[in-house]
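Q: Here's the letter readout for the chains.
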Amino acid sequence: EVQLVQSGAEVKKPGESLKISCKGSGYTFSDYWIGWVRQMPGKGLEWMGVIYLGDSDIRYSPSFQGQVTISADKSIGTAYLQWSSLKASDTAMYYCARRGRYHYGLDVWGQGTTVTVSS
Amino acid sequence: DIVMTQTPLSLSVTPGQPASISCKSSHSLLHSDGKTYLYWYLQKPGQSPQLLIYEISSRFSGVPDRFSGSGSGTDFTLKISRVEAEDVGVYFCMQGINIRTYTFGQGTKLEIK
Chain V
1 EVQLVQSGAE
11 VKKPGESLKI
21 SCKGSGYTFS
31 DYWIGWVRQM
41 PGKGLEWMGV
51 IYLGDSDIRY
61 SPSFQGQVTI
71 SADKSIGTAY
81 LQWSSLKASD
91 TAMYYCARRG
101 RYHYGLDVWG
111 QGTTVTVSS
Chain L
1 DIVMTQTPLS
11 LSVTPGQPAS
21 ISCKSSHSLL
31 HSDGKTYLYW
41 YLQKPGQSPQ
51 LLIYEISSRF
61 SGVPDRFSGS
71 GSGTDFTLKI
81 SRVEAEDVGV
91 YFCMQGINIR
101 TYTFGQGTKL
111 EIK
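These protein sequences, in sequence, are chains V and L.
Residue 1 is where the first sequence starts when you use my numbering, and the numbers rise one by one after that.
Residue 1 is where the second sequence starts when you use my numbering, and the numbers rise one by one after that.
Do not take every clue at face value.
What the hints assert, rightly or not - No farther apart than 25 Å at their CA atoms in a straight line, the calculated lysine to any residue pairs in the SDA-like style are these:
id, chain 1, residue 1, chain 2, residue 2
1, L, K44, V, D55
2, L, K35, V, Y52
3, L, K35, L, V88
4, V, K23, L, Q43
5, L, K79, V, H103
6, V, K74, L, R100
7, L, K113, V, A9
8, L, K44, V, A9
9, V, K43, L, K35
10, V, K43, L, V88
11, L, K35, V, Y104
12, V, K43, L, V3
13, V, K43, L, Q106
14, L, K35, V, K74
15, L, K113, L, S61
16, V, K23, L, S61
17, L, K44, L, S57
Said to hold, decoys possible - Covered, in the sense of this in silico footprint (three residues per stretch, anywhere, with C-beta under 8 Å from a C-beta of chain L), are these stretches of chain V:
id, segment
18, 47-61
19, 76-89
What the hints assert, rightly or not - So these bits of chain V aren't anywhere near chain L, every CB distance computed over 12 Å:
id, residue
20, G15
21, K19
22, K23
23, K43
24, S119
No lab work stands behind these hints: they were computed from the structure.
This structure is a prediction, so every number in the text was calculated from the model and none was measured.
Virtual Cβ for every residue (Gly too), placed ideally from N, Cα, C.
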């Protein structure tokens, strides 16, 4: 079964750092892009950026460039999203999603990681 | 950025009746390769989004044929021929013409009467 499994919920304080993960299974990791999507409480979906596991090519959405860091470890089929200094406004659900090889839609989604930033 | 505008933002439908959602983009989604990178997703309550339709009108694997997509250029429509209880949730359109700047519509919440 093709799936993406994300790391668990996080509760952090403003100014702290955080790295969440997204592990793929059931497919050839290096053939796909993995993207990150933010969903703030009660809101819609926002594209943050994407990484190609084959060569770690990264494309950031202009809205998130400099705000987060996307990385990956191809050897274990895992993509990461990290913050160096969290803000309360980073409180959201974060999804990873695989971009299809032939149709380019986001065809497999992780279950989501809830990040809560509060003092 | 390409802005995606959905209408309506909510709709309430009797089971067995049709439903239609419109999505308009601020720029054409027709790529020079001849494909139009418009997608539809459904986010059921408490779940991750799931892909329904890709490239305007192609149903993703396992999607019932009561779902159909149409349109071209900047105007697109998702139709459900006969709404079922399991169709409740929020529907999003998404443009994917540039992998760095995907954008989603605001979402349309479908409820059952």
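Q: Checking each numbered hint in turn, tell me which of them this model violates, lowest number first.
A: Hints 1, 3, 7, 9, 14, 15, 19 and 23 contradicted; others consistent.
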